[in-house]
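Undergrad: With chain A's structure known, arrange chain B on it following the hints.
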Amino acid sequence: MKTTSWIALVILLFAGLVLFLHLATTGEDFSRYNVGWTGTSAFSATLDRHTTNDIVSPADLDRYAGTTLLVIAPDHSFTAEEGSAYRDFVSRGNTLFLADDFGTGPSLLRAMGSAIVLRQERLSSLDRAFSDPYIIVSYPSADTWPVKTGSPVLLNEAGTLEGGEKLLESTAFSWEDTVRDRQLGSNESLGRFTVMAQEKIGNGTLIVLSDPSVFINGMEDPGYGNAAFRAEIAKHSPVLVDVYSSRVGREDATGAFIHFLRSNTAYTLIVAALLMAAVLIAWQRRIL
Amino acid sequence: MNYRWILLLLLSGIAIAGLATYSAGPLLYSPEKDSSASDFHQNPAVFREAPVASANDIVPLMQDVLDGQKPVVLDIRDNGTATIDRNLARYDTYCSDLQEKVARYRLKGGELSPFVLGTEDQRLVLHELARQSEALAGLRAAAGRIGGDRDAAATIASQTLAWKEKEKILLTRYLANSSATIRISSKIGLDTRSYEQARDGISGMLKDLETAPATPLNLTVNGSDRITLLVEPAAARYGDTVQVYGIVTPARMNQSVRLFLDNAPFMTGTTDSTGNYYVRFMVERIGKGTHAVSAMSGTLVSPQQALVVRMSGTTTTLNAEPGYRNYTETGAWCDGTVMAGPPVRGAPVTLLADGDPAMTVKTAENGTYRAFLPLPGGSHTITADFSAQGFPLDPSSSTPVSLIVPATPIRLVDLLAVAAFFFLILGGGLFWLVRHPPKAAVPEPEPGDDIGSLLEEAAPLSLPGHEELPPEIGTLYARYQAILKEQGLSEAARRAYLDLAARIALHLRLPAYRTFTPRELSGAASGKIYGGIFDIFVDSYERIRYGGSTQQQDKTGFEQELKAADTETGRRQA
Chain A
1 MKTTSWIALV
11 ILLFAGLVLF
21 LHLATTGEDF
31 SRYNVGWTGT
41 SAFSATLDRH
51 TTNDIVSPAD
61 LDRYAGTTLL
71 VIAPDHSFTA
81 EEGSAYRDFV
91 SRGNTLFLAD
101 DFGTGPSLLR
111 AMGSAIVLRQ
121 ERLSSLDRAF
131 SDPYIIVSYP
141 SADTWPVKTG
151 SPVLLNEAGT
161 LEGGEKLLES
171 TAFSWEDTVR
181 DRQLGSNESL
191 GRFTVMAQEK
201 IGNGTLIVLS
211 DPSVFINGME
221 DPGYGNAAFR
231 AEIAKHSPVL
241 VDVYSSRVGR
251 EDATGAFIHF
261 LRSNTAYTLI
271 VAALLMAAVL
281 IAWQRRIL
Chain B
1 MNYRWILLLL
11 LSGIAIAGLA
21 TYSAGPLLYS
31 PEKDSSASDF
41 HQNPAVFREA
51 PVASANDIVP
61 LMQDVLDGQK
71 PVVLDIRDNG
81 TATIDRNLAR
91 YDTYCSDLQE
101 KVARYRLKGG
111 ELSPFVLGTE
121 DQRLVLHELA
131 RQSEALAGLR
141 AAAGRIGGDR
151 DAAATIASQT
161 LAWKEKEKIL
171 LTRYLANSSA
181 TIRISSKIGL
191 DTRSYEQARD
201 GISGMLKDLE
211 TAPATPLNLT
221 VNGSDRITLL
231 VEPAAARYGD
241 TVQVYGIVTP
251 ARMNQSVRLF
261 LDNAPFMTGT
271 TDSTGNYYVR
281 FMVERIGKGT
291 HAVSAMSGTL
301 VSPQQALVVR
311 MSGTTTTLNA
321 EPGYRNYTET
331 GAWCDGTVMA
341 GPPVRGAPVT
351 LLADGDPAMT
361 VKTAENGTYR
371 AFLPLPGGSH
381 TITADFSAQG
391 FPLDPSSSTP
401 VSLIVPATPI
411 RLVDLLAVAA
421 FFFLILGGGL
431 FWLVRHPPKA
441 AVPEPEPGDD
451 IGSLLEEAAP
461 LSLPGHEELP
471 PEIGTLYARY
481 QAILKEQGLS
491 EAARRAYLDL
501 AARIALHLRL
511 PAYRTFTPRE
521 LSGAASGKIY
531 GGIFDIFVDS
541 YERIRYGGST
551 QQQDKTGFEQ
561 ELKAADTETG
571 RRQA
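Order-wise, the sequence lines are chains A and B.
So in the working numbering, spot 51 of the first sequence is number 51, and the numbers just go up one at a time.
So in the working numbering, spot 366 of the second sequence is number 366, and the numbers just go up one at a time.
Careful: at least some of the hints might be erroneous.
[Unchecked claim] Derived DEER-like restraints, expressed as beta-carbon distance ranges:
| no. | chain 1 | residue 1 | chain 2 | residue 2 | range |
| --- | --- | --- | --- | --- | --- |
| 1 | B | K207 | A | G113 | 55 to 61 Å |
| 2 | A | S186 | B | P322 | 56 to 62 Å |
| 3 | B | G532 | A | T46 | 53 to 59 Å |
| 4 | B | R104 | A | V56 | 14 to 20 Å |
| 5 | B | S96 | A | D48 | 32 to 38 Å |
| 6 | A | P238 | B | K108 | 49 to 55 Å |
| 7 | B | K108 | A | A59 | 39 to 45 Å |
| 8 | B | R104 | A | H236 | 39 to 45 Å |
| 9 | B | T517 | A | A277 | 28 to 34 Å |
| 10 | A | T149 | B | R370 | 53 to 59 Å |
| 11 | B | K166 | A | G223 | 32 to 38 Å |
| 12 | A | G163 | B | R86 | 48 to 54 Å |
Hints are computed from structural coordinates only; laboratory data are not their basis.
Cβ coordinates follow ideal geometry from the N, Cα and C atoms, glycine included.
Excised from the complex, chain A in its bound form:
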């Protein structure tokens, strides 16, 4: 093979690799950098850039009052000290919105001393959207932010809650699928299960939703009241996004690299200069 062919092959492979890295969407679940159906990029894009801040450490919480902190799908085990920081944050009049099903949400609730208990069993229901019993319809129990009566919310593999003041609950034809076989088993019982509850702590409010998947791109607008529900939370500014404990801020190595390149101004200039140089050379050589 000629030298020119080898060079062309290498360039094509490189270009293909870059394209693949960009189009690979099976990245971190719940990550705001993940544009696939499991990411939260669409929801993150709806947050107001001017009033939204990241919380990279519990110590950052001291500075805020009157805000809404989003803790979506945490995967960090919380210590008692961290729990106190979050509890103090809420007591000062802030709102903590915790959305979790099978993550470390229970440890945060325990560390905060909350009366709400998150049960990590998959909630199934006959009242389902699509053909999957895990994608269920839940109905508001009260007209309390962020839900409105008459506007059901679709959940995707939700857990269940005990304690607190009910805000959202499943229908009577629901059950905890303890054996995870997608059917009502002999040891499983029908009933209404709470999927969102709130608790007053000091001057603030702790709201727990037992399903963070309502924020993923795949659930952006599946019908029902999900779009309005997400919009209601996004516009409740000022919003703080917990990237310390949450999967929202997570990136894999590839994603981090691409994100770095995208957000680096110097790199932008270099690429622009390269493109311009290439055009000039092509013009001089009468290729263009």
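TA: Below, chain B alone, put in the same frame as chain A:
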């Protein structure tokens, strides 16, 4: 080195990388095609076309199952035999619909399992109670006409006692499922008032049975080793149910009892622990008149009882429409019923076409029949005739139906055969043409013809390996050498290019080739056997002619490529 290709590829690479890196969103991604799984959620996009389920699919059915029991229970309690079958059939439908939905949505567990199983068991109990109600009604009717027949009296007393004992068991079994059913229904939010009334009705029936004074039972029959027989009713018509009761003494469980009609065996039964036996049958293919019924168990034979079967009238109907079968066969689609009050099932119906028997069909369970009667085109009169042979029924015929059967349509198979033949011929011709393409006619050069002038301009063929021959031989290379000496490299290259161009234009039939740039002509020759070498030749030619190169390296390269192009185009032209 062909730097232009490298530059082009480099540009492409940079452009793709830049696009991929700065693009705001995915270009080729769609969630519907993303089959990647997640531990945290399902991809709703892949379920988009699937049906949606709801509690509304189940709750109304559960309510029907609850509410459907009350009319059945009231029928049983009030001996409403006229409506009990209809209400039971409706209740069977409710239960089967619910069970089908529960299975479809995979809900056979939790509270639904005891609900479905409980109501299903109650359905079976209600069927048993309905049958028992009918049997007791028969015994009451028989008691009014037996006179002083001691065997019949003993049979009625024993059977009544046995049926009431069974009834107690059934009522208790029904009530055992009630509490769980009410509890589950209340939890789900169903209205249990109707169901509770049904339960209270059953409860009242049980209480009446338990508080009823014990009837002294005289089971004395005429003799110690006997079999009794009681047929109720004594006279019946087509579709009536006939019940047969009896006792075998001494009593033994599961003794076989054979029943005979006019001395021919036609049914069997078995005894319970008290020696009672019971069978029932429907009057269907039993001729009119008086028939002798008897029972036998082992060596014991009962006295014969008379069963009078009376005649009933029938009505036969017919609807007929002209039509086709299999798109080709002409005739009439015939349907109708044979009714004797109740539907006559399994009845042979003869279809007569213009008075002649044409075919015979049998009625279904609901007394209906349907058949296609083949008929030639034209006017016909069809009649349905029920002869009633073997039935205790009067024969009947339908009203004649006149119709006009259209002529035989064009047969589809014929159309297909013609089409197949046509495509066979067409396909064969095309195949032959593909395998034997017509040879292109070579036009004769004519005065003034551009192609002819091309031939004149085209250089004679070279002789590969003999480039040293003098110019008069006329090879491309020789002409090039001659012009090179006299007019220099640039003009020699131009003349060599024109010679080659004329030769290629002749092959490609391009009279206007002089309006082409070298690169355009190279593009036109792309794909030909000489296309590659001509393309390289054009590169060298452009360096000399347009780039003004006089370097020995370019000159040598040009001459080598000229020889190669000369050889390739000459070979092609030859």
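Undergrad: Please go over all the hints and tell whether each is borne out by the structure.
TA: Structure-based check of each hint:
no. : hint                         : verdict
1   : K207/B to G113/A: 55 to 61 Å : 58 Å, holds
2   : S186/A to P322/B: 56 to 62 Å : 59 Å, holds
3   : G532/B to T46/A: 53 to 59 Å  : 58 Å, holds
4   : R104/B to V56/A: 14 to 20 Å  : 50 Å, violated
5   : S96/B to D48/A: 32 to 38 Å   : 57 Å, violated
6   : P238/A to K108/B: 49 to 55 Å : 50 Å, holds
7   : K108/B to A59/A: 39 to 45 Å  : 53 Å, violated
8   : R104/B to H236/A: 39 to 45 Å : 41 Å, holds
9   : T517/B to A277/A: 28 to 34 Å : 29 Å, holds
10  : T149/A to R370/B: 53 to 59 Å : 56 Å, holds
11  : K166/B to G223/A: 32 to 38 Å : 55 Å, violated
12  : G163/A to R86/B: 48 to 54 Å  : 53 Å, holds
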